[in-house]
Structure formats: C-alpha cells, structure tokens
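J.: Put together the whole structure using the sequences plus the hints.
Residue numbers (my numbering), protein chains in the order written: chain A, 1 to 302; chain B, 1001 to 1466; chain C, 2001 to 2285.
Honestly, the hints are just simulated from the structure, not real lab data.
One thing to keep in mind: the hints can contain errors.
Cut-off 16 Å, straight-line C-alpha distance, at most; resulting in silico cross-link-like pairs (EDC-like, lysine to aspartate or glutamate) [as the list claims (entries may be wrong)]:
hint, chain 1, residue 1, chain 2, residue 2
1, A, LYS61, B, GLU1457
2, A, LYS61, B, ASP1458
3, B, LYS1259, B, GLU1431
4, A, LYS207, C, GLU2013
5, A, LYS63, B, ASP1203
6, B, LYS1225, B, GLU1207
7, A, LYS42, B, ASP1429
8, A, LYS266, B, GLU1110
9, B, LYS1259, B, GLU1461
10, B, LYS1269, B, GLU1457
Note that the structure is predicted; figures quoted are calculated from it, not measured.
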Amino acid sequence: MDKLMRNKKAIILFIAPALILFTAVLFIPVCKAVYYSLCNYKINYQPKYIGIKNYVMLFTKDKTMAIAFRNSMFFMVFSIVTQLVFGLILAALLTNIKKGRNLFKNIYYLPCVLSSAALGLLWMFVFMPRLGINQMLASLGFFNGDCTLGPQWLFATDGYIILPIWVISFVALWQYVGQSMMLYMAQISGISSDIYEASYIDGCSKKQSFFYITLPLIKPMVATAMSLNAIGSLKFFDLIYNMIPEGFLSHKADVIATHLYTQAFKFSKLGYGSAIGVILLVLCLIMTVIINKFVKTESYDM
Amino acid sequence: MKMKKFLAVCLSAAMTMSLLSACGGSAAAPAAPAAEPAATEEAAPAATEEEAPAAEEASGEVQEITFMIWDDLEASEDLITKGYKNSVDRFNKDFEGKYHCTPITTNLEEYYDKLNALVAAGDTPDVFIASPGANLNDYAMTGVAAKLDDYLNADGWKQTFTSDAVFAGGTYGDEGGDGPGIYAIPLNIAAACVFYNTEMFADAGAEVPKTFSELLDACQKLQDKGYTPITISAGTAWCLSMVAGYLCDRNGLNLQDIKDHKTDWKDEKVINAGKQIQELSKYFQKTAAGDDNDVATAAFYNGEAAILIQGSWAIGQINGSCAEGFADKVGVFAFPAVDGSSADPNRVIAKSDSLCMSATTQYPDAAVQLIKYFVDDEASKYTAEVGGKIPVTNVQYDEKVAPPELKYVMDVFKGASSTFGFYNESLADTEAGSTFDNCFVEIFKGEDPATALDPIEDYYEMNVWE
Amino acid sequence: MTNTMTISKEKKEARIVSGFIYTFLVLLAIIYIVPLLWVVITSLKDDSTLMLSPWAMPAQLEWGNYTFAWTKGHLGTAMLNSLIVCSITLVVSMLFGSMAAYAIAKLRWKLSKLAMYYFLIGMMIPIHTILIPLFVQFSGWGMSNTLIGIIIPYITFSLPITIYIMVGFFEGIPNELFEAACIDGCSVYKMFGTVAIPLAKTGFMVTGLMSFVANWNELLVAMVFISNEAKKTLPVSLTKFVGPYHTNYCQMFAAIMIAIVPTIIAYVAFANQIVEGLTAGAVKG
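T.: Written out as structure tokens, the structure is:
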C-alpha cells in the first residue's frame, strides 16, 4: 500500500496538469506584471525599463490614484463593518424564527448568485437623476413634486466620500450580505443546543446567550467572512463599471480596479496599469495577513 | 529513473495540452486568419474595377475581409449606422463569391481599446472606422494604417469628392509610416451647431444670437418665460467638451501653440472660456451634471428645453424619433462669437467618420472596394437625405427629401471659414482629451478655472512638453 | 394565578417581538424582490413611456424587447458562449483540481505540503494583477478573441479553491478503504476513480457550483479578452446595451431579464442545495 502511494510517476501525473497550468497562467504572469510595472510600456510598442518611475508617479502625482485608493479603502471598511453587523443580525434573527426561515434565507441570498453586471445596470437606472427613485419620491410628494430637485445619487461629487460611493456601497451590501449571513448561520447552527439549554437553566436570557455564547463561538467565522469581504471589496469592479457610465464624474468614483482598467485598456498604458495591479496584489496580501493575525482563529470544541 | 521522471512530466504536459486544445477546438472556432504581414501587393486597384462582380468568376477562394465599426450594425437605430450596414450588405451581395466582408462591432466607448487589442494581436481589421485625431495619427505613424494616395489617384476616385479639403483630417505621416499622405477616407461630415426651438424663442421674444452676450440675453428671456433655456449633458463628456472647445476657439486659442508650448492651459483665453461656461451654466437644466446625452437630448425633442448644442447627427434623430411636426419648429444657428475677441467667429467644429485600411491586409483590393461602397452615390445620397450629415462627394441629392434642418446646417457649414475638430480628439493623446473634458466638467460644477485647469496643465508638463 | 399571569405576559411579549422580527424580515424581503419585479415590468414597456412614468405598469406588453435583445443584441449567442465556457471550465477544473488534491491528500511525497501552500497563495492573487501580462501573452499567441483564451484563466482561477476543498474531502476518506482496494489489486489510478471520486461527490457539487456561478458572472477578463460579437459572454454582451449616443433602456432591461432568469430558475429549483453548497465552499475557503 505504502509503496503504491509513493509511486513517483503517479504523483507527477496527478499533480502536473494543475501545477503546470497554475504556474504558466498565474505565477509567471505575476512575475511578468512586476517586470512590466517597472517599464514604460504602451500598447503596440516594446516595453522599456524605467525603474520605479511608475510607482513614484502613482504615489506622488496621480490624483486619480489617490481618489481610487481612498474609495477602495472606504469600500473595504464599509463592507467589513456593515456585512459583519447586518450579517450577524440577520443570522441571529433567522435562527430564532420558526416559520419561513428557509424562504427568507433564500430570498436574501439570491442576489449573490446573480450577475453584478446585470444588477449594476438595474441600479444605475434606479438612481438616475430624473427617473427611478427620484421620480417615485417626487410622485409621493417629496422635493415639492419635482424630481429634478432630488439628490443626484450617482452624480454628486461633494464631500470626502462622494454620494455615489455611498450608494454603490449600499448596493454592494444589498447584493452580498446574504453571503455573510449564511456563513454566520452555518456556524451558529453548528453550535450544540446543549450549550444553550445549559445557559437557560443558569438563567440566561436569549439576548445574553447571544452575546456570551454565540458571538465568541463564531469568532473563527468572523475572520473568514472578514477576509472574504476585504479581498472582495478590494477587487470590486463590476458594479462600479456598470453603475457609473464611462466619463461621468471625472474619475471621482474610481476604485483601484477601475483605475487599472482605464489606464491599461483605455489609455493603453500597460506598464502603468501593471504597477496598479501590483499594488492591488500587495494590498490583498496585507489584508489577509492582518485579519488572520488580529481576529484570532482558534476554534472551540463544539 | 531520471528518464522515467522526464517522460512522466512530458506525458502529463502533453495531456494538459491535448485537453486544452481539445476544448479549444470545439469551443472556439479559429478567429480571423492570423494576419501575417503579407507583402502588400501594389496591384492597381483599377484592375478590379473592370472585372464584373459576378459570382462565377470567383474560381477559387472568396477573399474574406473584416470591417470594424463602433456601433452594432444589426441592432443600431442610428440612421447613419443603418446606412453603413446598407453599404456592407450591398458590397457582400455585389461581390458574392469573390469578396466577403464580416463586420466586427463594438460600442463606441470600447472601440479604440478593442481596436488596439486587435492590432496588438496582429489581427488588425482590414478596414476600420476612425475619427481623425490623435488616435489616427498613431495608426499612421506606426504602420498600422495604409497610405491610400495611390488608390485615390488611380482611377479618378479622388475627383468624385467635393474638394481636396475633405481629406485634410485624414492626412498624416510627417513623422513616420509611409511618409506624408492620406491615410483615411472621410465618409461624411457632421458640423456642430446650435439647434433651437423657434416656437419658444418667439414666445419669449428672444432673437437668434450673434454674440455670446446675446446668447446669454436670449437664455435669460427664455428662463423668465419659464422655459429651460439649454439642455446639455455634462455626464457624457464630449457634449460639454464641444461647447468648451467652441468657447476656447472663439476666444482665439490655437491648439498648435499649446502643443508647441508657446502658451499653456492657463492662457487667459482658456480661463475666459471657463468663465463663460460658468455664466452659461446658469441656464442649463438642473440635472445637467447627471444626465447622459440621451436624457439631455430627449429634453429638447420633448419640447422641455429651448436650445440644444449638438452635432448635425441630431437631425437624423429629430426626424427619426420625434413627435410629428416637431421638426418644423427646429431652427439652427452657428455658435456665437465672443464679444471683444478678435478670433474668427466663422470657424465650425466638424467631425468626419473616416475609413482606414490595414497596412497588413492580405486583400487590399477587396478592402478598397469596400471603402468605395461607403462613398458611392447611393451611400452619399443616403447620408444627406436620410442621415442628415453633409456628404463628402459630388452627389446630387434631393433637397426636398432631405430634412429641412440639413439645409440650415449646410448654410452654417458653407459660411464657415474653416473647420476644427472636437477638442478631446484633437489633443496630444486620448488621455489628454479625457483630462481636458474632466477639467471643464469641474469648471461647470463651479471650480475656479484658474485651479480647475491644473490637471491638464500637469498632464502636458509631464507627457507632452519635454 | 400569578404564575399563569407572568407566563401569558411572557408569551405576549414573545409574540410582539416575533411580530417585529417578521415585519422587519418581510420589509427586507420586499427590498430584495421589488427591484427584480421592476425589471420584469420595465422590460415589457417601450422606451418613451418609460421616460415619462418609470414606475407605471406597461400599457401594452412589448415582447419585441425580448426578441430584439435575444437576436439583435446577440444574447442568444452570448448565452451559448457562457454555457460553453462555464461547462468546459467546470469539467476541466474539477478534473485537474481533484487530481492534484488526490496527490496532495493521499499520495505520499515530501513536497506535498509545499505544493498545497503554492496553490493556496493563488487564492490571494487578484485576477486584475495578471490581466495585463495574460492579455499581452494571449494576444501574441492569437488567443485573444477566442473562448479558449478566457477558459484557461477561468480554469486556473477555479483551481485553488477546488484543490483546497477537495483535499478536505479526500482527507476525510478513511485510509482503510484505500487499503482494501489495494488488497483487491487496484492500481493507484484505479483507486482514484473507484474510491476517491465516488466518496467525494459532495465536494464535487460544492466546487462545481462555486466555479460555475463565479465564471457565469465574470465580467473583467471576458471584457478585456473578447471584442468579437460572436464570442462575447453574457455579462459582456449586457454592457453593450448602454450606448454613448442612444440607450434603449427597455431593451436593456429585457436583456437583464434574459441574463438573470436562467440563474433565478435554477436557484428557485435548487435554492437549498445551492445556498448550502456555496456556503460550504466559502466556509472551507
């Protein structure tokens, strides 16, 4: 048996396809991206090595990058916090109701499996200045009945974090909170009911048992959900791309991913775009490490 | 042992590859033939002219060419696009069995990205559409687009065009490529004009303005009467940019001076243009910042606003999709002069869709033939009578059939001393154009022109003036 | 007497609380469902009535929007392309992934731990980073604008999670079963087919579901790689409905419907399995 399982030929045969593909399509391109990021590389021309100029430019001169970075960080913090809070609330409520749990759960989870591209178009229309929500509110008597006086949901550019970013954050919350909810529910339903019964006998209220039993026991899942949210929101692209038409807002609603797309594929600056890609990669790695370090993940015996 | 290991690796690699190619074969039919830089045959295009386009003559292969355009030929409701589709269909029908053209379509936003991608992949479409400007210059310089002078001169083709001036926008190559010459054939001309609702003007007692201050007066009168004076989209960048371009030009700005760094973007002329945009913006619809071009133009067509500053392609839309009788209410005037400026007030922003041929096409004859179908009499007649754009060839079209607005636009166009391009397409490169647009959106939103122009100034500092 | 009083009071309180909870949940459900219903309504209107009264019911049903989106909007082709891409990706990534997972979990070699870490790092790499090098490389090979050009990155990005989850499932299979098979004279290859795969069915379902849903909705890679109308996948085709000169919103909504209805049907039919499966995948990931 042992000899069989040490069969070198078999090992190589089994591991090779994945390994080759993974190396060729993921690992080598990452190295190439790092190289391109050190080059002046316009499409249809040859890359020319220029050292760290692209990075210097990105960090010191590129105002859009500063905005994109700020927006991405906001998305990340917003989604980590709101998904944690709402995901937990929903999970707690749903585990405590008797009828219709499955129905509600499935409704809230539905947008997670739908295409962000399609949903983005839908929400873009809902938040247009004169149609959608504004017109509905106006017909209900808001803004003195004049929809043009309503908020410019997707087009206001005042403030540190502009309104469109808030709107898109909420749409993202709407779309993905089901995922966090399910993660927490899965963990909560794994907690043995003996623990709860014991706590009730000790005179715990339901509220108390939530804070003293449920919360501590699902901590590992909090870490998982948080890193999923953090990385997911750093990579955020589809919703923004489809909700803010190209050229609107003068790149004020850009995030790192959209900035990369514009620079690399609109303005054909492949080297510069690669530098943005490398920064995004580093951010993702840092966030994973931070979250796993600070949210302790020791699991409890349940 | 080592040998065995090596074999195993090879085996699994082969397995991976065969699996991949197997699914590739079934899933992805081979794309357009890899464009090996075929030796461009300098065959006289006249030869193909003589040959009757009959199917039976095509012994052997059909010459398959691709044509790339920025609108969906099948789905578009745009009248000009429909005309292009008609040209392609006629070409495919007339040359059945000899030539065949397959269109590649994208939307306008992605057009140049996709074209660049195909060029990078060595798959340059045989014929592609382009707007004269920074992009086209790149294609001419790097040997992507072919020089077309020989074909134009070959059989009197060039004489069918109204004048040599129509080729001005497509002439490049001072700095590379095949040397100076014509790299793009114009198909039609659209002039940017001011469309106005004559009924509203009459009701408000407003006069057709000749100067900027008269324009402001007229807007004030319209506003006092309760009309929205101007509808415009600051969301769709080129719309506001068109007005900004006009104002810069009317203030006397010369783009060449900026390119040569004889002046910069903080020039008083540009700042003035910015201030004038801000004065004018009082009369824009309230949602101008967020309306896209569709919503903004719809407000004019629905009779909600009195003035629309737009390219003459609007004529096609007015006649195609507006309520009965609306077209008769529409008047057209040229963009007014700026008071006190010595600049020529008769210059007009004009834009021509142009066709280029790939320098590496395998079938230059087929490609040239296709281009000819876009500017033959039938196509040019359609351009004028239905599309509402100004034709570039000496075609006789029925002025009675053509929309009335075309005549007004023609009057503006004929009165023009010279034309200039959209600013965002006339700057150093695409990013510069986009930066320019964004600066003026900021100015429109109220930022001081002196600081709002920083991004474009910085961009030129870093990328253009070196 | 007092005892029963407190009990009924408690009951009453509990009823009020659960009343609140249900009201909240129903309101939230409305926020989830109304936008989707609105897509249905709008997709059956015509553009001019939409601009005037976006929230009204359609006066007459414009089925033409659907035929337009399906044929002229190329959504039919797009759906077929999406189906081809996702199915091939699904099969190949599960095959390669489970093979590698088997090697890591059950076969005995020194570097298996290291190989596992190597694959795991892949989960942290955002696809954006490698988009440009891949684009350059595939363009050079003439693979941009082909379905295979997006299938390969899709497979690669499905691999790490597939391997991770499948390793978990394979490790859960007791070694005794393999030993028994070994005594029966099974080769190491046959064991993979007869012992490992059948016992990890759930794992295949979970990973398959994750990869299918993710790739069905993927936009960025497909958008960068595909410009040919005939090769576009669903999410890319959708963006085309927003035109710079003219957007017909009703047709766009019909297109949105076409894009999401198959997913919704599959979801309604297998909601529990899908939700559980995807959650299981995410938990493990």
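J.: Does the structure keep A:LYS61 and B:GLU1457 at a Cα separation of 16 Å or less?
T.: OK: A:LYS61 and B:GLU1457 at ~13 Å, within 16 Å.
J.: Starting from B:LYS1259, check that the Cα of B:GLU1431 is at most 16 Å away, please.
T.: holds, 15 Å
J.: Is B:LYS1225 within 16 Å of B:GLU1207, Cα to Cα?
T.: With a Cα-Cα distance of about 14 Å, the restraint between B:LYS1225 and B:GLU1207 holds, given a limit of 16 Å.
J.: Assess, step by step, whether the Cα of A:LYS63 is no farther than 16 Å from the Cα of B:ASP1203, and give holds or violated.
T.: With Cα atoms ~48 Å apart, A:LYS63 and B:ASP1203 exceed 16 Å; violated.
J.: Hey, B:LYS1259 versus B:GLU1461, does the alpha-carbon distance stay inside 16 Å?
T.: Distance of about 11 Å is within 16 Å: holds.
J.: Holds or violated: are the alpha carbons of B:LYS1269 and B:GLU1457 at most 16 Å from each other?
T.: holds, 14 Å
J.: Do the alpha carbons of A:LYS266 and B:GLU1110 lie within 16 Å of each other, as the hint requires?
T.: Roughly 8 Å separates the two Cα atoms, so the pair holds.
J.: Sort out whether B:ASP1458 lies within 16 Å of A:LYS61, counting only the CA atoms.
T.: holds, 9 Å
J.: Does the alpha-carbon distance linking A:LYS42 and B:ASP1429 stay inside the 16 Å limit?
T.: holds, 12 Å
J.: For the pair supplied as a hint, A:LYS207 and C:GLU2013, is the alpha-carbon distance within the 16 Å limit?
T.: holds, 14 Å
The structure fails to meet hint 5 from the earlier list, while all remaining hints are met.
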